[in-house]
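Asks: Sequences listed follow chains A, B and C, in order. First residue of the first sequence: 0, per numbering that gives the first Met the number 0; consecutive thereafter. First residue of the second sequence: 0, per numbering that gives the first Met the number 0; consecutive thereafter. First residue of the third sequence: 0, per numbering that gives the first Met the number 0; consecutive thereafter.
There's no promise every hint is true.
Stated by the list, open to error - Per the computed footprint, the stretches of chain C lying under chain A, defined by three or more beta-carbons under 8 Å from a beta-carbon of chain A, are:
id	region
1	13-22
2	57-63
Claimed, not checked - To list a few chain B residues with every Cβ distance to chain C over 12 Å, as calculated:
id	residue
3	2
4	3
5	6
6	7
7	12
8	16
9	31
10	57
11	59
12	61
13	62
14	63
15	64
16	88
17	92
18	97
Unchecked claim - Chain A regions said to be covered by chain C (calculated; three or more residues, Cβ under 8 Å):
id	region
19	76-83
20	90-99
None of these hints come from the bench; they were simulated from the model. Glycine residues also receive a C-beta, built at the ideal position from the N, C-alpha and C atoms.
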Amino acid sequence: MSMSTILTRTITRLIFLPTLVTAVAVLVKGYAGAGDGFSAGVIAGTGVVIQFLAFGPRELVARYPSLRRAPLLAWSGLLLGLVTAFAPVIWGDPIMTLYPRPGEDVPHLGLLAFHTAVLFDAAVFLLVFGFIVSVLGTIGNRYGSEGADS
Amino acid sequence: MILALALVISVLFGCGAFLLLKRDLIRMAGGIILISNAANLFIVSAGLSRGREPIYPLPAGERISDPVVQALVLTAIVIGFGTVAVLLGMIYRTYTARLAKAVDEGDETGRTPMSMPPEDRVAD
Amino acid sequence: MLLLLPLAITWFGAVALAPFDGRRRAVGVVAVGVMVAAFVALVRLGITVWTSGPVEMVAGDWPAGIGIRLRADGLGIAFALISLGVLLAALAYEVLGGVHERSLPSLVLFMSTGLTGVFLTADIFNFYVFFEIAMTASFVLATYGKQVGHLRAALTFMVVNLLGSVVFLAGVASLYHVTGTLDMDGVAERVNGAPTASVLLIAVLIFVAFGLKLGLFPFHSWVPLVYRDTWPAVAAMLSAALANIGSYGLLRFGAGLMPRELSLTASGLIVIGSLGILYGAIQAVSPRTAGEVIAWSSIGQVGYILVALGIGGPVGLTAAVLYSIINSLNKLVLFLAVGLRGWLVGTAFALAAFSVAGVPPSAGFFGKVAIFRAGADADRVPLLVLVVVGGALSLIYLFRIYQRDYWARNHAAPPSPLGARVLVLVLACGIVFIGLWPEPLLALSANAAAALTGGGS
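Based on the provided sequences and hints, a complete structural model is requested.
Replies: And the structure:
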């Protein structure tokens, strides 16, 4: 199905990894600047969509077979988010309490902060990214293959 | 500033409403997207104030812009994203079901399956 | 902790069941088990609320007014119990009859999560978020069955609801701008200091939003289309559970947050409600399919709730809560019975029909009595006439269905599964039981109405 030129294919192939890195960067810097899990997920998802448009579903899945696992990724993102929100209830704190509490020290590794808020954002990232790729897999497959039947 | 925002919101809403009443389902989805974006802008206009960004450590003695509105808009955008995704999925399902029905009934009139026949229009 | 238990049970249950195929019996049974557990947790929470007052928690350990406050009071618990109960019954009905799609149990659990969250929150934007969770689940549920007719009706349902969401969002944002807070208590305090015209406009926006989303007259045109084409269990869920959000929202936002505006617009509400009752009843009497008749009947019944809300005061609000609960039960049994065949089903349908018309000894009789009393207290004689006329009309149209579908039975159609029929009959007997012993329900409604005006537990 792919009607893309050699120029499109080369650039698209080159741009995939920087897109994913940008998405992770937006996720990580969300603790102290503008950025969060949702926008990171959308950026990463858009990266996969561009690959899909240039290469078509068959070639994309052949190149990156782990994209088939996207529904599992979305599901685990949702579960991680729920656990992060409800876990403090088990030891008596209200729902969605984040640790370390405000005012305490936050251990850093460069810009990455070890804070449950980052964990929650990562969960949202997984959910959104997994959702976008799953939708591509469901709908896109029909359009990708020749002679789409229902 | 409020006037500019109000004008943009009304233009967005108007275009969205115009598209919403079209027969083609994709145009209808586009209308929904425009309308939900108009609502998001409306939320932004509910908390307009000039100031520095609301991130600790706060600069002393300066005005800080309202962070609640930004959280509200983000949530509204995410909810709108999910709802539009469900809407598009439903449109796609209508398309495949109608395609199957057209194949069964031998519909050769050349009308694209995405548009609804007059008796099936949403505004009924 | 107790406050979050029903929410956590349904939410984790929904996520846990999502990857599995819902058509398998085991998955359906597990889903019903999860809902029973959530219902039991809710009853336990309700007992705590009724004995020792509202239970509160502020999310994130922030001070109240900054963090999102979750609160269980009499009104929220009453509505949560009836909604979760209806969803539980409808899910059990569907599992007993055989599930048609793999996502049904998980979707019903997501909808329960949304509904529980709506009734247990005290933050206006959090209300919107949980409302959208419940509505998104209901959009997908409305497509249950895969025929093209269903899909068109589901699309209509979705688009009208999205418009309602937009209007609701505009109302909530305006309310924030005018009062500076999102917490319901804070809004109730500060709203009196805001300019009257703005708050009146916001109240109208919120009423229009709820009207669009729930099919109140005069925004009702999509309701018969959607209910005509869906499966009975889904129609029961939509009508009985989702419509409760509307009644709860009007009670909470109208009588709880903006009581001054409610009293200003009271006559308008009563007029709209009365028109809805009459219009729904007249349309239901015309020849239609059974699903459409019950749909028009729903439009009419919600009119009674609007009238009670318009009358206001403790008597009117109690009547509104009581009528919402009884209406949910009635609609549940009516929709479920319409989908079944075999003996015993006609009895169940007849009992529910008596309840809708308000004939003793069914629960509906006490609903009508409550509205009658509210109308008499407020010295509005036309309302009393309306209640009687509405009841008579509902008898007519519901027994037309009974006559057509049950009396003149054709024995050619095979009877439905016994489990589903027994379930529906048990529910119908529950309606009669409440009619014979209404005190607990009356006390529950009075408590709920008192919670709105700040008294009670």
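Asks: Tell me, in ascending order, the numbers of any earlier hints that this structure violates.
Replies: Hints 7, 8, 9, 16, 17 and 18 contradicted; others consistent.
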